[in-house]
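Sequences and hints are given; from them, build the entire structure.
If you read the sequences in order, they're chains A and B. Letter by letter, the first sequence follows residues 2 to 158 of the numbering used here. Letter by letter, the second sequence follows residues 39 to 295 of the numbering used here.
Simulated from the structure, these hints should not be mistaken for laboratory data. A quick note: this is a predicted structure, and the numbers were derived from the prediction, not measured. For each residue, glycine too, the CB sits at the ideal point set by N, CA and C. Watch out, some of these pointers could steer you wrong.
[What the hints assert, rightly or not] Residues from chain A that keep clear of chain B, each with C-beta distances beyond 12 Å, as calculated:
1. A20
2. E69
3. Q112
4. S132
[Said to hold, decoys possible] Only pairs whose alpha carbons sit at most 35 Å apart, straight line, appear in this in silico DSBU-like list of lysine-lysine:
5. A:K83 x B:K174
6. A:K124 x A:K102
7. B:K109 x A:K83
8. A:K124 x B:K174
9. A:K102 x B:K174
10. B:K109 x A:K79
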Amino acid sequence: MSQLHEQPSVDQIWEWLDAVPDPEIPVISLVDLGIIRGVDWQEDTLVVAVTPTYSGCPATAIINLDIETALREHGLDKIQLKTQISPPWTTDWMSEKGRAKLEEFGIAPPQAAGGPERCPNCKSTNVTRVSQFGSTPCKAHWRCQDCLEPFDYFKCI
Amino acid sequence: MAAPLTDNEALFQFLLRMGDNTLILGHRVSEWCGHSPVLEEDIALANTALDLIGQTQMWLGLAGEVQGEEKSADDLAFLRDVWDFRNVLLVEVPNEDFGRTLMRQFLFDAWHSIQLGHLMKSSDERVAAIAAKTSKEVAYHLERSADTVVGLGDGTEESHGYMQAALDYLWPYVGEMFVSDEVDAAMAKAGIAPDPASLRADYDALIGRVLAEATLNIPDSGFAHKGGRNGKMHTEHLGHLLTQMQWLQRAYPGASW
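Dropping the structure here:
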């Protein structure tokens, strides 16, 4: 990729990052997930602050690699990724767009009540928990009592 | 007589205690991966272990920074021997059965959640940040282990028997979490961490509530096995655990990928 002659704006970079999918749930972007905590130019270096979802989430390393790869493809070469653990990530930072996409994909979005509002498939509210944990650290396993489909629920933390 | 601890040495010891607890328990719990009684429990245990190992990276990462000898969290986890570990004995005892594993998890989670609640207000902002991050995960662990202890304790006659036997076996390992020494005194004085003894009343109230609901009897004994968190005397089990956990770095020193 050719070198850029002008620094792209911070807004432009947010837009680029909003096109980088989460490696585990590719229907939502890293920006939707709320884990990009800051984008700043420090002289000629772009500093991107990223917060981990769960401490042991194995996707963290891949996420950093994906961010760097995406930005390099847009012609940036001086990129610094920093891990920011405070304040800790919360599902409140997930975008409305991200929540809608999750449900469309079949994953019930997080709710403050601590359980899914409804089945992402048939929309029934008659749902029951199978397990507090699921296929990734950020999800729990639920089941719809009406359509009988099991589904993932994005845990609210 | 040994020279008194410097503040930095005390902080290093405190961080090892936090990180070694999560490391050793995380390793123990991970031993269930692929062996649990049902798939959901297998996934739950593996996820809990993963959280604990992730938390270890932060605690031991900071420990390495404070120690100032250019050691990473991996160096501290894989290149120390038994006598350098500072975890409580509770987390190193073998899993035995599913009941004992969940009872150990509950007894630890209850302490862990109370401890992290205090650490979130630590005068050291690095400690406070790790506590704020990890306390959310630990609240979830506690919710699950408490539910499971109640479900199995107040379950069938057989499950109740397993849970009572687990509590009887593990109870003498609870006391060590509340013993204070010179490291704790230095941490309390600096406002970095609470005096462990000060957490006991909240702990007893919390576990008393859950164990009563689980129809389990807390043994009437104050005896405590000690020696893990100060490294004076670990159980024989820790060495066996380390031979598994550290074998790759022992066989191929410095290997990485």
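Results for each hint:
1. A20: The claim holds: A20 of chain A sits with its nearest Cβ about 27 Å from chain B, beyond 12 Å.
2. E69: Holds: least Cβ distance 19 Å, greater than 12 Å.
3. Q112: At roughly 15 Å from the nearest Cβ of chain B, Q112 of chain A sits farther out than 12 Å, so the non-interface label holds.
4. S132: violated, 4 Å
5. A:K83 x B:K174: Satisfied, since the Cα-Cα distance of roughly 22 Å is no more than 35 Å.
6. A:K124 x A:K102: holds, 15 Å
7. B:K109 x A:K83: holds, 20 Å
8. A:K124 x B:K174: With a Cα-Cα distance of about 29 Å, the restraint between K124 of chain A and K174 of chain B holds, given a limit of 35 Å.
9. A:K102 x B:K174: holds, 25 Å
10. B:K109 x A:K79: holds, 27 Å
In summary, the structure is inconsistent with hint 4 from the numbered list given earlier, while agreeing with all the others.
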